[in-house]
Amino acid sequence: MKKALLFIIIFTICPLTAATAGSNNNDYPAYPPKILSSELFPCSSCHAGMEPNILKRELTFHGEVKIIGHAEHERWCLDCHDARDRDKLRLINGSTVGFDRLFRLCGQCHGPTYRAWRAGVHGKRTGRWDGQKQYYLCSSCHDPHSPRFKALAPEPPPVRPGETIRN
Amino acid sequence: MKKRFSRRDFIKITAVGAGAAVIPGCSNTITWEEFFQTNFKEMSPQEIKHLLAGLEEKYTKEYGVKFTVKATPAREGVVFGYALDLSRCIGCRRCVYACVKENNPSRDVQIQWIRVLRMKKGEFNLEESEHYYDPDKVPEDGYFYVPVQCQQCENPPCVKACPVKATWKDPDGITVIDYNWCIGCRFCMAACPYRARKFNWTKPLIPKDEMNTDTHYLGNRPRMKGVVEKCTFCVQRSRDGRYPACVEACPVGARKFGNLLDKESEIRYILENFRTFRLKEDLNTQPKFFYFFSLGWG
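Order-wise, the sequence lines are chains U and H.
Sequential numbering of the first sequence, starting at 1, is according to our numbering.
Sequential numbering of the second sequence, starting at 1, is according to our numbering.
If you're looking for bench data, these hints aren't it; they were derived computationally from the structure.
Incorrect hints may have been included.
[Unchecked claim] Away from chain U, derived, C-beta distances all over 12 Å, residues of chain H:
#1 Ile111
#2 Lys121
#3 Glu123
[What the hints assert, rightly or not] DSS-like cross-link-like pairs, simulated, lysine-lysine; straight-line CA separation at most 30 Å:
#4 Lys66/H to Lys133/U
#5 Lys137/H to Lys49/H
#6 Lys133/U to Lys70/H
#7 Lys263/H to Lys133/U
#8 Lys150/U to Lys121/H
#9 Lys101/H to Lys208/H
#10 Lys133/U to Lys56/U
#11 Lys34/U to Lys137/H
[To be verified] If you anchor each label on the Cβ, the simulated ranges turn out as follows:
#12 Gly69/U to Lys225/H: 40 to 46 Å
#13 Lys34/U to Gly64/H: 50 to 56 Å
#14 Trp32/H to Lys34/U: 54 to 60 Å
#15 Glu123/H to Arg115/U: 28 to 34 Å
#16 His62/U to Glu62/H: 53 to 59 Å
#17 Phe277/H to Ala48/U: 54 to 60 Å
#18 Glu123/H to Met50/U: 43 to 49 Å
#19 Gln286/H to Ser95/U: 45 to 51 Å
#20 Lys66/H to Val65/U: 45 to 51 Å
#21 Glu123/H to Gln132/U: 48 to 54 Å
#22 Gly64/H to Leu36/U: 40 to 46 Å
#23 Asp108/H to His62/U: 48 to 54 Å
#24 Glu64/U to Glu62/H: 51 to 57 Å
#25 Arg148/U to Asn273/H: 22 to 28 Å
From the three backbone atoms N, C-alpha and C, an ideal C-beta is built for every residue, glycine too.
Turn these sequences into a full structure, and let the hints steer you where they fit.
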């Protein structure tokens with residue numbers, strides 16, 4: 001009787017814990033990635049009826065996507081984009097993640113950066129220092145195809161002593 | 001027993017007499033109550049409430065927009081710390097202007113609480129750094145950038161220099177200024193080794209539509225001519241649990257802020273995992289503003 005009870009408890013609790021472990025993605029409340037608001041999204045709206053061609057080649061459509069400074073010679077679209085589910089990204093182990101969880105994809109290669117991002121050192125958070133924060137995703141600041149941070153025009157320098165803005 | 005007419009009573013009466021003689025002449029700039037206001041730290045909660053209500057009314061009338069003036073006290077168990085990642089900062093000055101927008105400093109004559117120093121790579125020379133740099137694009141080759149603002153010293157020389165106790169360090173580590181008590185002697189400015197304090201030589205000029213009306217008595221409320229001001233870690237935001245404006249404005253996420261007493265905070269992670277330093281450590285000011293390099297390059 002006791003054993004049966006134990007089994008019941010184990011079998012009811014295990015799926016629960018598995019479910020919570022699976023949902024720990026929600027630990028990183030992030031800004032939505034830019035692609036979700038793009039008119040090209042969802043990708044499946046075009047790709048659903050297409051036969052996936054997994055051969056590395058020059059693209060005729062999406063030719064504007066240029067990989068610059070991100071292992072362009074080794075890289076191919078389907079290294080990161082999933083061939084079967086175009087609205088998802090593909091991890092090295094074959095599983096897929098949504099665009100809103102792309103840090104798991106980037107984190108496969110950029111381990112120390114991923115660690116720093118989770119700790120709040122790399123990247124940026126807004127909101128409350130004592131509570132609810134919103135995280136910037138990798139793609140909020142870096143273009144995944146050309147990730148180097150682009151130079152900006154600086155805001156104006158301060159006026160020198162004795163000068164005013166008017167003159 | 002008959003009460004003696006003490007020296008204190010004499011001074012009080014003379015002061016009231018003198019005040020009465022002086023005040024009507026400048027009644028549009030300073031009220032009777034303001035003139036006789038005591039030091040903020042010695043005021044009772046009722047007095048503070050009354051004072052804030054008066055200021056809200058005054059500013060609303062003066063600037064034609066509804067103001068709120070709060071005096072949120074320091075939270076228990078909180079000491080604020082700041083860290084700035086110098087290998088990320090690109091010198092774009094977004095923080096400077098986010099600070100201006102948040103904290104109501106004078107636009108003309110210009111006052112800015114954050115100064116971004118440009119330094120040659122390979123040295124760390126404050127004297128030869130430049131804050132008027134103005135290229136088309138930042139970062140520039142061969143330079144790195146060091147933003148400097150109030151360092152919120154644990155041992156603040158400005159507080160020691162103030163002859164009237166108009167500036168002090170609150171329990172959460174923020175050095176604040178009671179503008180109503182400040183006499184404008186600028187001793188604190190001379191004492192500060194970081195050039196963090198700014199003086200209002202004129203009545204601050206701020207366009208009405210750029211006024212931030214969510215204000216704190218010790219922070220971003222409108223200032224008057226003849227008082228000193230400086231960064232307060234956005235006391236009006238941070239004491240409500242929010243990040244300072246400069247943290248949220250930084251496009252590269254170089255600015256980190258949090259509670260030094262909270263082991264789980266970002267700031268503690270940085271202090272424990274990176275090699276940090278502070279400006280002019282040899283002066284024993286013990287800033288709570290830390291600089292660090294998260295990368296070996298860039």
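Hints versus structure:
1. Ile111: With a cut-off of 12 Å, isoleucine 111/H comes too close to chain U, as the shortest Cβ separation is near 9 Å.
2. Lys121: The claim holds: lysine 121/H sits with its nearest Cβ about 16 Å from chain U, beyond 12 Å.
3. Glu123: 21 Å, holds
4. Lys66/H to Lys133/U: 29 Å, holds
5. Lys137/H to Lys49/H: 48 Å, violated
6. Lys133/U to Lys70/H: 24 Å, holds
7. Lys263/H to Lys133/U: Answer holds: lysine 263/H to lysine 133/U is near 17 Å, not above 30 Å.
8. Lys150/U to Lys121/H: Distance ~20 Å between lysine 150/U and lysine 121/H Cα, so the pair holds.
9. Lys101/H to Lys208/H: Given that 30 Å is the threshold and the Cα spacing comes to 12 Å, the pair holds.
10. Lys133/U to Lys56/U: 40 Å, violated
11. Lys34/U to Lys137/H: Roughly 24 Å between the alpha carbons, so the hint for lysine 34/U and lysine 137/H holds.
12. Gly69/U to Lys225/H: 40 to 46 Å: 53 Å, violated
13. Lys34/U to Gly64/H: 50 to 56 Å: Because 39 Å falls outside the window, the suggested range is violated.
14. Trp32/H to Lys34/U: 54 to 60 Å: Given a distance of about 58 Å, which is inside 54 to 60 Å, the answer is holds.
15. Glu123/H to Arg115/U: 28 to 34 Å: 31 Å, holds
16. His62/U to Glu62/H: 53 to 59 Å: Taking Cβ atoms as reference, histidine 62/U and glutamate 62/H lie about 58 Å apart, which means the hint holds.
17. Phe277/H to Ala48/U: 54 to 60 Å: 56 Å, holds
18. Glu123/H to Met50/U: 43 to 49 Å: 57 Å, violated
19. Gln286/H to Ser95/U: 45 to 51 Å: Holds, since glutamine 286/H and serine 95/U (Cβ atoms, about 49 Å apart) stay within the stated range.
20. Lys66/H to Val65/U: 45 to 51 Å: 50 Å, holds
21. Glu123/H to Gln132/U: 48 to 54 Å: Given about 42 Å between the Cβ atoms, the range is violated.
22. Gly64/H to Leu36/U: 40 to 46 Å: The hint (40 to 46 Å, Cβ to Cβ) holds, given that glycine 64/H and leucine 36/U are roughly 42 Å apart.
23. Asp108/H to His62/U: 48 to 54 Å: 50 Å, holds
24. Glu64/U to Glu62/H: 51 to 57 Å: This hint holds: roughly 54 Å between Cβ atoms.
25. Arg148/U to Asn273/H: 22 to 28 Å: 25 Å, holds
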